[in-house]
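Asker: For reference, the chains in residue letters:
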Amino acid sequence: MTFSIYLPIAGNAINIALLVGLGGLVGLLSGLFGVGGGFLLTPLLIMIGIPPTVAAASDSNQIVAASTSGCIAHSRAGNVDFKIGTLMLLGGVAGGTGGVRIIKLLRSLGEADFVITVVYVVMLGGIGSYMLFESLTAMRRRAPEQPGALPAKRSMYRRLVELLPFSMHFPRSKITVSPLLPFGLGVVVGVLAAIMGVGGGFIMVPVMVYLLRMPMHVVVGTSLFQILFTCINVTVLQSYMNHTVDFVLALLLLAGSAVGAQVGTRIGKRLKAEQLKILMAIAVLAVMSKMLLGLLLEPDVLVAYGGAH
Amino acid sequence: MAWPTSPRRSSLPSRLRDGRRGRGALRSSAVTLSAGLVALVAILGLLLGTNASAQSDERKAPKNGVTVEPDRVGVDLFYGGAAPRVHATVPAGNQVAVRLMGKRERVELKTKGKVGGVLWMNVGEVALESVPTAYLVATSAPLAELAPEAELDRFDVGYAALARDAGTEATTFGQFVKLKQREGVYRVDEGAVDLQPSGSKQATLSVSIPLPARTPVGDYEVEVIGFEHGRGHEIGTASLRLEQAGLVRALRSLAVNRSLIYGFAAVFVAIVAGVLTGLVFGRRAGGAH
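Here the protein sequences line up with chains A and B, keeping their order. First residue of the first sequence? That's 1022 in this note's numbering, and the numbers climb one at a time after it. First residue of the second sequence? That's 9 in this note's numbering, and the numbers climb one at a time after it.
Warning: the hint list may mix true and false statements.
Label pairs and their computed distance ranges (CB to CB) [what the hints assert, rightly or not]:
hint, chain 1, residue 1, chain 2, residue 2, range
1, A, E1319, B, R114, 26 to 36 Å
2, B, K186, A, M1160, 44 to 54 Å
3, A, V1136, B, S216, 19 to 29 Å
4, B, D202, A, D1321, 30 to 40 Å
5, B, G182, A, I1288, 39 to 49 Å
6, A, P1064, B, A100, 45 to 55 Å
7, A, I1067, B, E137, 23 to 33 Å
Read the hints as simulated data drawn from the structure, not as lab findings. Keep in mind the model is a prediction, meaning the values are calculated, not measured. The beta carbon of each residue, even a glycine, is placed where N, CA and C say it ideally should be.
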């Protein structure tokens, strides 16, 4: 099919089937791993001729549909912890606002972009390798089917966490911690997401798995719940301040991604927590490799649009 | 509203008119004359028709001898680029350059370079002072054979001429041209123009200039420049307007003038789409369980 449509804000004509297909692929990842998928879709959209600012903004509009769709599917299966999700979301908003200030300060100091990118690549590499290694050993040990629940080692971290006040029980995640912990972690993720310029799903998911010790399936659903609100916020702000949301583009992408998210959720349900973690680890490592390659290979064109911040 | 194929379409009315005239002639002669005469008249009619259409084309052409067809292109939801055709009459023996150029603007660019000896990253920002939004040139001969570089510069023919107004060093400008060429909005087709002799003193040209879908909307100037013995002279100019139409215009104006409503509407539609998909799949899943 070579039927193309003109996108009013992007100002270019693109094949319809290509857009719906890309949406479907990203929706699949979103339903499976609880990530927004912006890390993958935005560069792909730029590659097929959408201006970068329009690609990023319209992508967030599309994620609203995918995460709504995925969130419904996950909450039906009891996989969304609204209590923790809301706490982390509040922390994320606070952290995100602070993060934008921090990035401005860093940029004024000079080679901030370089440091940030290196930190990000190292962090993704570290998280991905750890997840992969940990899940593989867990599977080899044939641990009892306790999704995500690791043998409780009384580590330094654990003891510190237990010192926090106002202990609260979260039945969905089957954990009892101080609400300060998810809020605080939300702040950290918010700061990181703002600095890295990505939605933060790939930081959020490992944080919930390893630092909050939430079951893997609940992590995916809860992450989608937070991404939904983050992306609503971004879509409205981008439309209002920059006029960069292309509604026609978003509509075609979301047609694919809303369905993709359902399929992803379905596949996720059939997988065991450890299998899901291994796939997630591979995805994290793939993202890292892609970033690393982008940094190591000489670009075709040595200039790009956009100057002043 | 005009379409990529509209050069053909705009010549349609004259052809229709000829057809009608031919049929009229056919009917009147059928009453009085034999079948053989009818055929003759019909052929005559056709001949007269072609003649008339050639005349009407000539009448349409303005004094300066350059026309662009269509001169207005509507950009709506199913627009996929256009290919306006430029017609001109030039003195015999001239070589020509046909140049379609958008308005000039300041462009800010990030430059990429190696950091720490290994990583390719954005390392700086440069501004190009005055570069056109689109620059599509077709010539009848290689640039070097048209005129010396200084003369080409005088008529803004060739990338070297643009570099002069960009106010940046050559490598950056070269990379910028590469970026624009990728998008299809900068192009120099050497030798793409065919000159057809028309009489002993004149030649005509008719060349189609493909505009990719991503060419920004706005006004474009089409100029035909003649070159004789390495000296250039302006043959004439015409203008082309690319404008939003229909749903594209409506959506774009909503996005700019009612941006908050647009943003909320975009979120609302996305949520509804997500909920609907969730419900549809949920019901199906419920049936399967």
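Asker: If a hint holds in the structure, say so; if it doesn't, say that too.
Answerer: Now for the hints, and whether the structure bears them out:
{"no.": "1", "hint": "E1319(A) / R114(B): 26 to 36 Å", "verdict": "holds, 28 Å"}
{"no.": "2", "hint": "K186(B) / M1160(A): 44 to 54 Å", "verdict": "holds, 49 Å"}
{"no.": "3", "hint": "V1136(A) / S216(B): 19 to 29 Å", "verdict": "violated, 51 Å"}
{"no.": "4", "hint": "D202(B) / D1321(A): 30 to 40 Å", "verdict": "holds, 34 Å"}
{"no.": "5", "hint": "G182(B) / I1288(A): 39 to 49 Å", "verdict": "holds, 48 Å"}
{"no.": "6", "hint": "P1064(A) / A100(B): 45 to 55 Å", "verdict": "holds, 54 Å"}
{"no.": "7", "hint": "I1067(A) / E137(B): 23 to 33 Å", "verdict": "holds, 26 Å"}
Against the hints set out earlier in the document, a violation occurs for number 3 only.
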